[in-house]
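Colleague: Work the whole structure out from these sequences, hints included.
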Amino acid sequence: MNASLINYTLHLADNALTIGHRNSEWCGHGPVLEQDIAISNIALDGIGQARNFYQYAASLSGNGATEDTLAYLRDVIDYKNLLITELPNGDWAQTTLRQFLFSTYQYFFYQQLEKSTDRQLAAIAEKSLKEVTYHVRWSSEWVIRLGDGTEESHKRLSNAVTELWNYTGELFIPASYEKELIATGIAVDLSVIQPLWQQKVSNVFSEATIAIPDKSFAQQGGKEGIHTEHLGYILAEMQFLQRAYPGAEW
Amino acid sequence: MTVIPNHITETEKKIWSLLETVTDPEVPVLSVLDLGIIRDVKVQSTEENNFKPIITITPTYSGCPAMDVISMGIRMVLLQAGFKEMEIKQVLSPAWTTEWMSAEGKDKLKAYGIAPPQYKQAVCTPDAFQQEEAIQCPQCNSWHTTLISQFGSTACKALYKCEDCKEPFDYFKCH
Ligand SMILES: [Zn+2]
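Just so you know, the protein sequences line up as chains A and B, in that order. No gaps in the numbering here: position 79 of the first sequence is 79 in this note's numbering, and each next residue is one more. Every position in the second sequence, counted from 1, becomes a number in this note's numbering once 250 is added.
These are calculated hints, taken from the structure and not from any lab test.
Here are a few chain A residues that sit away from chain B, every Cβ distance over 12 Å (derived from the structure):
(1) 64
(2) 69
(3) 89
(4) 155
(5) 176
(6) 215
(7) 221
Below, a list of computed lysine-lysine pairs in the DSS-like style, where the Cα atoms sit at most 30 Å apart:
(8) 411/B <-> 130/A
(9) 130/A <-> 356/B
(10) 292/B <-> 356/B
(11) 292/B <-> 264/B
(12) 339/B <-> 292/B
(13) 130/A <-> 339/B
Quick caveat: nothing in here was measured; it's all calculated off a predicted structure. Beta carbons are placed, not taken as given, at the ideal position from N, Cα and C, and that holds for glycine.
Modeller: Right, here's the structure in full:
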């Protein structure tokens with residue numbers, strides 16, 4: 001039970017950290033200053049949420065684990081983030097579409113997690129939900145603006161949909177450690193949020209004049225530690241300092 | 251808003267007044283009491299007949315880098331006041347809201363050039379392209395202002411511009 005709860009908490013932490021790291025890659029490279037600041041703020045929210053989950057996972061694990069050892073000293077096979085969070089940023093259309101698909105998921109997810117029988121997970125969800133509300137709003141505006149924009153922006157958004165859609169199925173497939181926690185009311189029942197997510201995505205896509213792909217193949221494995229080749233590169237960069245200078249502090 | 255409880259001991263009173271001097275490093279006109287992030291102050295007697303303050307704080311945003319500096323600031327004033335031991339605890343629930351900011355704090359923000367959060371908070375929803383909140387320019391008091399971005403120079407602010415005096419300004423946004 002405790003092992004499952006730790007794995008589940010790490011899964012939530014890894015999601016937030018990985019997408020936070022990806023978004024932070026835009027810092028200094030955003031298309032205009034205001035949007036550079038926006039995506040950097042969204043990155044910061046993600047990393048902050050990750051810290052709350054890591055701190056909780058560390059307190060459950062004991063053995064000298066800290067938020068830093070969990071973020072910086074675990075390898076690819078230990079990471080449990082959804083594959084969609086680790087994919088490269090691509091262009092602005094791909095980044096904002098990924099943010100929309102993932103933030104919309106997080107929005108409905110945290111609404112349920114707020115009711116978790118685990119009080120700390122519920123508290124982190126309550127806190128995070130307020131931030132994610134802004135992310136959904138910002139990213140859906142970009143999806144609509146690009147989809148219903150120029151020929152070029154529509155084409156880029158369509159390409160991004162093709163690129164990312166196969167990674168959305170994984171959002172709703174429970175991992176082994178997740179199933180028993182759903183039964184005890186700790187974890188979110190993904191079948192509850194799937195229709196809400198589909199409804200919101202379909203509304204925004206229709207405003208964006210983008211069709212929802214009908215194929216349903218789901219790339220999966222991230223939640224169980226089986227990742228794309230991209231996560232290794234993220235960790236190589238993110239963990240370099242702690243690997244080279246163990247225990248270094250800011 | 252931080253309500254300082256009645257019926258408190260002299261030591262607790264002293265701690266509350268010390269907290270009044272700890273400010274937000276990013277918005278230095280606001281004390282931690284103005285911000286509404288102090289959730290509880292307790293005092294424990296220690297074996298050496300000393301008092302150990304236990305302060306409970308809540309973050310404004312999950313990733314707000316000011317929180318660590320604020321905790322350190324609280325520790326420093328307590329040490330300077332002669333407390334030897336202390337504990338600073340962080341709670342996440344109930345989640346911080348701009349409604350907890352004091353009326354004084356809002357006035358100080360405006361005088362500092364940042365539009366304060368609305369007294370009656372607008373509901374934050376995820377809907378795209380919603381009607382913007384009407385925010386008053388802190389420089390010239392005009393209501394003729396436009397949202398530039400929901401994300402500003404720090405996590406807690408949005409960026410606006412005034413159509414009358416043409417100045418951009420920060421708005422301490424609804425949360
Ligand atoms: Zn003005």
